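Spelled out from the first residue to the last, the chains are:
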Amino acid sequence: MKPSTAYSQYHPKWYRTRVSTLWWSRKWSYLKFMLRELSSVFVAFYVVILLLQLHALRGGAEAYLEFQQWLKDPLLVFLNGIGFLFVLFHAVTWFNLTPKAMAVRLRGKRLPDVLVAAPNYAAWLAVSALIVFLLMRQG
Amino acid sequence: MANRSNEPLLWALFSGGGVAAAFLIPILLFLYGLAFPLGWLQPPDYERTLGLVQHPLTRVVLFLLCFLSLFHWAHRFRFTLYDGLQIKHLNPVINLFCYGGAVTGTVAAAYLLWTLP
Chain G
15 MKPSTAYSQY
25 HPKWYRTRVS
35 TLWWSRKWSY
45 LKFMLRELSS
55 VFVAFYVVIL
65 LLQLHALRGG
75 AEAYLEFQQW
85 LKDPLLVFLN
95 GIGFLFVLFH
105 AVTWFNLTPK
115 AMAVRLRGKR
125 LPDVLVAAPN
135 YAAWLAVSAL
145 IVFLLMRQG
Chain L
5 MANRSNEPLL
15 WALFSGGGVA
25 AAFLIPILLF
35 LYGLAFPLGW
45 LQPPDYERTL
55 GLVQHPLTRV
65 VLFLLCFLSL
75 FHWAHRFRFT
85 LYDGLQIKHL
95 NPVINLFCYG
105 GAVTGTVAAA
115 YLLWTLP
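Just so you know, the sequences run in chain order G and L.
Going by the numbering used here, the letters in the first sequence line up with residues 15 to 153, in that order.
Going by the numbering used here, the letters in the second sequence line up with residues 5 to 121, in that order.
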């Protein structure tokens with residue numbers, strides 16, 4: 015995005031209604047949009063935690079134990095709790111976009127949105143179960 | 005020569021990151037952020053965790069998760085500031101912060117995963 019470089023003397027002045035900076039706070043659907051966009055902050059937040067975890071793993075058993083202790087900090091648990099709600103919101107809104115992005119037709123009839131989104135949820139469940147299995151498996 | 009925009013590439017990364025983050029982060033954040041620290045579940049110990057992460061496939065998946073999720077954040081957060089707070093005049097700074105942060109995190113992820121014993 016380039017800033018306008020020069021002002022012409024005869025440049026027309028466009029009419030634009032001023033939009034308040036807090037335009038998204040007045041209506042639930044706008045607020046939902048803003049919260050959805052803000053979920054990205056917690057996505058990045060989790061990546062930072064993951065990077066710290068990898069760093070601790072490289073540092074040896076003691077460093078990893080320290081990392082696990084650090085995760086028990088009440089402030090961090092609180093932030094992770096909020097973050098979890100946000101990434102959940104991200105996942106659900108993301109999966110629900112599929113039927114909006116593509117209209118699947120079967121014998122000339124459009125499949126209902128629920129059926130288009132359903133495979134996402136099935137795959138999500140499968141991936142989550144696999145991760146739990148890998149991490150919790152004994153021996 | 006046509007003035008090519010890199011917006012499609014950034015959008016593709018945003019989109020890929022949206023998918024990666026949606027599938028992987030909720031369960032990982034639930035386990036490592038809540039279930040393990042609060043003692044609801046017993047976390048895998050150091051040896052097992054290292055063993056899991058050392059697997060080449062895990063390294064690739066974790067790298068893609070970091071790389072794509074960070075660019076997802078960069079793109080979305082840039083427009084959050086742009087649309088939500090309407091601070092267009094700070095665009096160069098915001099772009100540098102967002103995409104610079106994403107590149108830094110991606111390089112860090114590559115380095116950490118590559119040099120893991």
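Treat the hints with care, as some may be off.
Claimed, not checked - So these bits of chain G aren't anywhere near chain L, every CB distance computed over 12 Å:
{"hint": "1", "residue": "Pro-26"}
{"hint": "2", "residue": "Lys-27"}
{"hint": "3", "residue": "Tyr-29"}
{"hint": "4", "residue": "Ala-77"}
{"hint": "5", "residue": "Pro-113"}
{"hint": "6", "residue": "Asp-127"}
Claimed, not checked - Taking lysine-lysine pairs in the DSS-like style, the calculated list, with each CA pair at most 25 Å apart, reads:
{"hint": "7", "chain 1": "G", "residue 1": "Lys-46", "chain 2": "L", "residue 2": "Lys-92"}
{"hint": "8", "chain 1": "L", "residue 1": "Lys-92", "chain 2": "G", "residue 2": "Lys-86"}
{"hint": "9", "chain 1": "G", "residue 1": "Lys-114", "chain 2": "G", "residue 2": "Lys-46"}
{"hint": "10", "chain 1": "L", "residue 1": "Lys-92", "chain 2": "G", "residue 2": "Lys-27"}
To be verified - Residues on chain L that point at chain G, a partial pick, calculated with CB under 8 Å:
{"hint": "11", "residue": "Asn-10"}
{"hint": "12", "residue": "Leu-28"}
{"hint": "13", "residue": "Pro-41"}
{"hint": "14", "residue": "Trp-44"}
{"hint": "15", "residue": "Pro-47"}
{"hint": "16", "residue": "Tyr-50"}
{"hint": "17", "residue": "Gly-55"}
{"hint": "18", "residue": "Phe-67"}
{"hint": "19", "residue": "Leu-74"}
{"hint": "20", "residue": "Phe-83"}
{"hint": "21", "residue": "Val-107"}
{"hint": "22", "residue": "Thr-108"}
{"hint": "23", "residue": "Val-111"}
Treat the hints as calculated values from the structure; they're not laboratory data.
In this text, all values refer to a predicted model and were calculated from it rather than measured experimentally.
Glycine is no exception: its CB is placed at the ideal position from the N, C-alpha and C atoms.
Hints, verified against the model:
Its beta-carbon lying about 20 Å from the closest one in chain L, G:Pro-26 satisfies the requirement of being farther than 12 Å from that chain. Interface exclusion of G:Lys-27 from chain L stands, the closest Cβ pair being 18 Å apart, more than 12 Å. Even its closest Cβ contact with chain L, about 17 Å, leaves G:Tyr-29 beyond 12 Å, as expected for a residue assigned away from the interface. Not every C-beta of chain L lies more than 12 Å from that of G:Ala-77, the closest at about 9 Å, which undercuts listing it as non-interface.
Distance to chain L confirms G:Pro-113 as a non-interface residue, since its nearest Cβ pair spans about 15 Å, more than 12 Å. Non-interface status of G:Asp-127 relative to chain L is upheld: no Cβ of that chain comes within 12 Å, the nearest being about 17 Å off. Only pairs whose Cα atoms come within 25 Å are accepted, and G:Lys-46 paired with L:Lys-92 is accepted, the gap being roughly 22 Å. Between L:Lys-92 and G:Lys-86 the alpha-carbon distance is near 39 Å, which puts this suggested pair outside the 25 Å criterion.
Distance hint between G:Lys-114 and G:Lys-46 is fulfilled; the C-alpha atoms sit about 17 Å from each other, no more than 25 Å. Taking the CA atoms of L:Lys-92 and G:Lys-27, the gap is about 18 Å. The hint holds against a cut of 25 Å. Violation of the interface hint for L:Asn-10 is found here, the shortest Cβ-Cβ separation to chain G being roughly 12 Å, above the 8 Å cut-off. Interface hint at L:Leu-28: satisfied, since its Cβ lies 7 Å from the closest Cβ of chain G, which is below the 8 Å cut-off.
Hint status for L:Pro-41: holds, given a least beta-carbon distance of 4 Å to chain G, under 8 Å. Violation of the interface hint for L:Trp-44 is found here, the shortest Cβ-Cβ separation to chain G being roughly 11 Å, above the 8 Å cut-off. Because the smallest distance between the Cβ of L:Pro-47 and any Cβ of chain G comes to about 7 Å, under 8 Å, the interface hint for this residue holds. With 8 Å as the threshold, the beta carbon of L:Tyr-50 comes within range of chain G, its nearest partner Cβ sitting at about 4 Å, so the hint holds.
Because the smallest distance between the Cβ of L:Gly-55 and any Cβ of chain G comes to about 10 Å, over 8 Å, the interface hint for this residue is violated. The beta carbon of L:Phe-67 comes no nearer than 10 Å to any beta carbon in chain G, farther than 8 Å, and the hint placing it at the interface is violated. Interface hint status for L:Leu-74: upheld, as the beta-carbon distance to the closest one in chain G is roughly 6 Å, under 8 Å. Using the Cβ-Cβ criterion of 8 Å, the hint placing L:Phe-83 at the interface with chain G is satisfied: the shortest such distance is roughly 7 Å.
The interface hint given for L:Val-107 is broken, as the beta carbon of that residue sits about 13 Å from the closest beta carbon of chain G, more than 8 Å. Taking 8 Å as the C-beta contact cut-off toward chain G, the hint placing L:Thr-108 at the interface is violated, the least distance being around 10 Å. With its C-beta approaching chain G no nearer than about 11 Å, L:Val-111 sits outside the 8 Å limit, and its interface hint is violated.
Comparing the model with each numbered hint stated earlier shows that hints 4, 8, 11, 14, 17, 18, 21, 22 and 23 do not hold.
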